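Please take these sequences and the hints and turn them into a complete structure.
Each protein sequence line maps, in turn, to chains A and B.
Reading the first sequence from the start, the letters are residues 0 to 466 in numbering that gives the first Met the number 0.
Reading the second sequence from the start, the letters are residues 0 to 440 in numbering that gives the first Met the number 0.
These are calculated hints, taken from the structure and not from any lab test.
One thing to keep in mind: the hints can contain errors.
[To be verified] Reference listing, derived: stretches of chain B covered by chain A, where coverage requires no fewer than 3 residues with Cβ under 8 angstroms from a Cβ of chain A:
1. 92-102
2. 140-153
3. 376-384
[As the list claims (entries may be wrong)] Far from chain A by the CB rule (all over 12 angstroms, computed), these chain B residues:
4. Ser31
5. Arg222
6. Ala279
7. Ala350
8. Val424
Computed from a prediction, not measured in an experiment: that's the story for all the values here.
For each residue, glycine too, the CB sits at the ideal point set by N, CA and C.
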Amino acid sequence: MRRFDRTAPALILAAACIAAALPLQAARQLPVPDKLVLKNGLTVYHLKNPDVPLVSFRMFIGGAGSAAEPASAEGAAGLTADMMMKGTSRMDADAVAEALDFMGASLSIGASEEYAQITGDSLAERFPRLLEIAAAVLTDPAFTTSEFEKERALGIDGLKAAKDNPGAAIRYYFQKAYFGAHPFGHLAAGTATSLGKMTVQTIKDFYKAHYRPDRAIAAVVGDIDRAVLVPLLEKTLGRMVRPAGPSSVTAVPALPRPQGRKLILVDKPDATQAYFSLGSPGYAMGDRITAAAAAMNTLFGGRFTSWLNTELRIKRGLTYGASSAARAWTVGGLMTVSSYTKNDKIGEMLDIVFDLLRKGTTEGFGAEETESARNYILGQFPPTLETNASKAAAYVRLAFYKRSFDEYDKYLDEIGKLTPPALKAAAATLLPREDFVLVVVGKASEIRPLLAKYGTWQEKRITDPDF
Amino acid sequence: MRKRAWLLVLALGILSLSLPAAFKKEDVKVQSLANGLKVLLVEDHNIPSVALYTFFRVGSRNERPGLTGVSHFIEHMMFNGTPGIGPGEFDRRMEFRGGRNNAYTGDDMTAYTDWFPPAALEAMIAMEADRIQGLAFVPEVFESERGVIASERRLGVDNNNDALLGETVRATAIMAHPYHWDVIGWMSDILSWRRDEVMTYYRTYYAPNNAVLVIAGDIDPARTLELVKKYYGPVPASTPPPPVTTVEPPQLGTKTVVMRKEAQAPSFLAVWHSPGARDADFLPLSILAKPLLSGESSRLYRRLVREEELAIDVGGGIAETIDPQLFTIEVKPRPGADLDRIDRVIEEELAKVRADGITAQEYEKAMNIIRNDFYRGLQTVAGKVNELGTTELLYGDFGRLFTIMDDYAAIKIDRVKEAAAKYLVATNKTVGKLLPEGGAK
Numbered sequence: 000m001r002r003f004d005r006t007a008p009a010l011i012l013a014a015a016c017i018a019a020a021l022p023l024q025a026a027r028q029l030p031v032p033d034k035l036v037l038k039n040g041l042t043v044y045h046l047k048n049p050d051v052p053l054v055s056f057r058m059f060i061g062g063a064g065s066a067a068e069p070a071s072a073e074g075a076a077g078l079t080a081d082m083m084m085k086g087t088s089r090m091d092a093d094a095v096a097e098a099l100d101f102m103g104a105s106l107s108i109g110a111s112e113e114y115a116q117i118t119g120d121s122l123a124e125r126f127p128r129l130l131e132i133a134a135a136v137l138t139d140p141a142f143t144t145s146e147f148e149k150e151r152a153l154g155i156d157g158l159k160a161a162k163d164n165p166g167a168a169i170r171y172y173f174q175k176a177y178f179g180a181h182p183f184g185h186l187a188a189g190t191a192t193s194l195g196k197m198t199v200q201t202i203k204d205f206y207k208a209h210y211r212p213d214r215a216i217a218a219v220v221g222d223i224d225r226a227v228l229v230p231l232l233e234k235t236l237g238r239m240v241r242p243a244g245p246s247s248v249t250a251v252p253a254l255p256r257p258q259g260r261k262l263i264l265v266d267k268p269d270a271t272q273a274y275f276s277l278g279s280p281g282y283a284m285g286d287r288i289t290a291a292a293a294a295m296n297t298l299f300g301g302r303f304t305s306w307l308n309t310e311l312r313i314k315r316g317l318t319y320g321a322s323s324a325a326r327a328w329t330v331g332g333l334m335t336v337s338s339y340t341k342n343d344k345i346g347e348m349l350d351i352v353f354d355l356l357r358k359g360t361t362e363g364f365g366a367e368e369t370e371s372a373r374n375y376i377l378g379q380f381p382p383t384l385e386t387n388a389s390k391a392a393a394y395v396r397l398a399f400y401k402r403s404f405d406e407y408d409k410y411l412d413e414i415g416k417l418t419p420p421a422l423k424a425a426a427a428t429l430l431p432r433e434d435f436v437l438v439v440v441g442k443a444s445e446i447r448p449l450l451a452k453y454g455t456w457q458e459k460r461i462t463d464p465d466f
Numbered sequence: 000m001r002k003r004a005w006l007l008v009l010a011l012g013i014l015s016l017s018l019p020a021a022f023k024k025e026d027v028k029v030q031s032l033a034n035g036l037k038v039l040l041v042e043d044h045n046i047p048s049v050a051l052y053t054f055f056r057v058g059s060r061n062e063r064p065g066l067t068g069v070s071h072f073i074e075h076m077m078f079n080g081t082p083g084i085g086p087g088e089f090d091r092r093m094e095f096r097g098g099r100n101n102a103y104t105g106d107d108m109t110a111y112t113d114w115f116p117p118a119a120l121e122a123m124i125a126m127e128a129d130r131i132q133g134l135a136f137v138p139e140v141f142e143s144e145r146g147v148i149a150s151e152r153r154l155g156v157d158n159n160n161d162a163l164l165g166e167t168v169r170a171t172a173i174m175a176h177p178y179h180w181d182v183i184g185w186m187s188d189i190l191s192w193r194r195d196e197v198m199t200y201y202r203t204y205y206a207p208n209n210a211v212l213v214i215a216g217d218i219d220p221a222r223t224l225e226l227v228k229k230y231y232g233p234v235p236a237s238t239p240p241p242p243v244t245t246v247e248p249p250q251l252g253t254k255t256v257v258m259r260k261e262a263q264a265p266s267f268l269a270v271w272h273s274p275g276a277r278d279a280d281f282l283p284l285s286i287l288a289k290p291l292l293s294g295e296s297s298r299l300y301r302r303l304v305r306e307e308e309l310a311i312d313v314g315g316g317i318a319e320t321i322d323p324q325l326f327t328i329e330v331k332p333r334p335g336a337d338l339d340r341i342d343r344v345i346e347e348e349l350a351k352v353r354a355d356g357i358t359a360q361e362y363e364k365a366m367n368i369i370r371n372d373f374y375r376g377l378q379t380v381a382g383k384v385n386e387l388g389t390t391e392l393l394y395g396d397f398g399r400l401f402t403i404m405d406d407y408a409a410i411k412i413d414r415v416k417e418a419a420a421k422y423l424v425a426t427n428k429t430v431g432k433l434l435p436e437g438g439a440k
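In structure tokens, the structure reads:
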């Protein structure tokens, strides 16, 4: 059954993104887990939940993300993560896939900027086997040349196909435009050019340097007893060998701060809709502004009745969705505003966006709005930690960012006390007025005249190589 | 994982096997009001949150030419004001009380999905009961929302080649039945719906006797039922909507769609007429879809992605719908791949299934996947509510949710082969190809 939802996933994701960027959460909200330390030094948090016969496993490996890639090997972290699923010395790629699919289980590895993440879910009765496979791919990946060639070719073709969907492509263009040569400008998927230059040795080197148990944090939540879990973990993840050398995660440099307006127009001649993303500096993980920023963003572009969605969708019908979101990392953060509309309306849309940014920073938010934002965040919080998977993810995130497990309680307490001046201050700090990066993807011949008034645009064609 | 993103998401519904012991049929309190509203209640205090879903028996299946997409449009208009609650007020009041909502429209049903803290329960029941008694359809708001839908169509279909091909293949495969058009509707209809026609459509389908209300979570069932009676009790029943009588005529030969469009990568899709969800052949085809299409170990993923390197990804399955619809195989081809070769590989694999069925190992794999998906769907309060409601609407009995495991277990492996031989044949097939034109190759 094909289904059309009232709001785009992006809008819901924006809310989830904010929650994820928050100082993660705990006690009243998040039960305190058992802390298990394996003989190889790996820390695993465990919480038993007998409600459904499922178990979730999550693991972060710090420093195994795209920020750790050499500039010449953009996409290496993502490709390493993909390649780890493509066979071990004892099971080829098809055998790994068959073993997982046969159990109805899922296991995946992906790279974000600061870490690689391993995600596994299975029926409780299959969990021992899932952990065995996870340990095998983590400790004994084969990295064969033939699988490398296949994965690389798929990656290059996937990037090409992404250009057919402007809503997807704009994310790549924006990341490049905003972060430039900074390591966060590395696309997790790489680029056709960078993937083309890579060899299987690049992957082997990246794996060897970064996949270490002393940088890993794991969590297991579900229908499994500690007495069963501990020996199982020792037998599986306990096999990860801590290298002799000390762990040295390369420090990520400070994030770039846009000076003035950086304007990029990407021409997609067949687009019937123009898409924009506007970005400016946000805040770091754990920053004191977090609660106020979350409430401010809720009102500005983080929920259905937000200013952005009200003005662009509800009042004018210009778009199906308009939203703002925050992302936070150790070294800093990013605020983004994004939407899309018919080509001939993009000027009207951007005018409204700039007007709202001005209003947010100069006028701030009213008492009733602020109360509504507080209620909304408090009311929507409990379901974000309802499942085994969300609890396991919260444990590893909190531990990775060195936050305590009562972080969410503190956060929600702070939310409950927020006042309009705090939100106005957050808006003044975080919403851009003059210094930002703005990327538009659309039919240039139609939208170029509408965009001229905002400044000088650097133009690209969607068919140009890379992003 | 990133490669998976290229496929259209097909909502294949409620497959399953065995329920968590913690969730039993007896946990569901059932009550029908005199006006025909069916109410299902589940008490679950795991988190301080309530999910309230209202399901209406209306979707694109109930539409007609000129009014395609109107079910989905009404879904949007349900938030745009009633005689008592102004445009946008539903959302503002709900969010002020800590609640959030969404809604979705499918081929067979429209669902309104609310999540909120327990303290908002009475206010939410009151607002939900209000908006099934009449909408304002304020003309300016009507026009503005039309623009939103047009944008949604541009986003989801017109600027998405896979979806555009999907819409065209569906409309080619299905000639007569209203499943012919996609839920979003044709752009020319979106731009010309008339207010009076839309109002008539709303009055026909939005009535307590055409709805199921499911509430679960941190509630007291007795008090909740009193609130439901208080606010919904006075709402009159309406004349039952007319039945959908069109039956798709048999197809007598393969149909082919070729589209040319500016693109970097081609798109490929093949569909076969398939039985409705209540048909005896539905479960065998659901089982088949797993070893054929699900995961990197599936037959078609191995052939097309791994061995012959013709594709980036493969997916699909059988649509779980009231009337017969389609079994779909979606392939995201590699740029430059030979689409005819992809078609031949699919035919070779289907020929094997028609002749030999699936292996015992594949059968067990399918059952494991189905069971795992089923439990995952029931992990949350919202998941339980959605499964209960969709099961009630598709099968006429939410109780089937608690027996479907047994139904699957009763399917003998040979039934998979028989169903494949009956449905996945050339005369039943429509194949679609979108070929890139212009742009970089």
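Verification of the supplied hints:
1. Residue count for the stretch 92-102 of chain B with a Cβ under 8 angstroms from a Cβ of chain A: 9. That meets the three needed, and the coverage hint holds.
2. Coverage of the stretch 140-153 of chain B by chain A holds. Counting CB-CB distances below 8 angstroms, 11 residues qualify, and the rule asks for three or more.
3. Evaluation of the coverage hint for the stretch 376-384 of chain B: fulfilled, as 5 residues show C-beta separations to chain A shorter than 8 angstroms, against a requirement of three.
4. Every Cβ of chain A is farther than 12 angstroms from the Cβ of Ser31 of chain B; the closest lies at roughly 25 angstroms, confirming the non-interface assignment.
5. At roughly 20 angstroms, the least C-beta separation between Arg222 of chain B and chain A is larger than 12 angstroms, which holds for a residue marked as non-interface.
6. Remark: the non-interface label on Ala279 of chain B is consistent with the geometry, its nearest Cβ contact in chain A lying 20 angstroms away (cut-off 12 angstroms).
7. With a least beta-carbon separation of about 22 angstroms from chain A, Ala350 of chain B lies farther than 12 angstroms from that chain, consistent with its non-interface assignment.
8. Listed as outside the interface, Val424 of chain B is consistent with that label: its C-beta sits roughly 24 angstroms from the nearest C-beta of chain A, beyond the 12 angstroms cut-off.
Going through the hint list in order, the structure satisfies each hint without exception.
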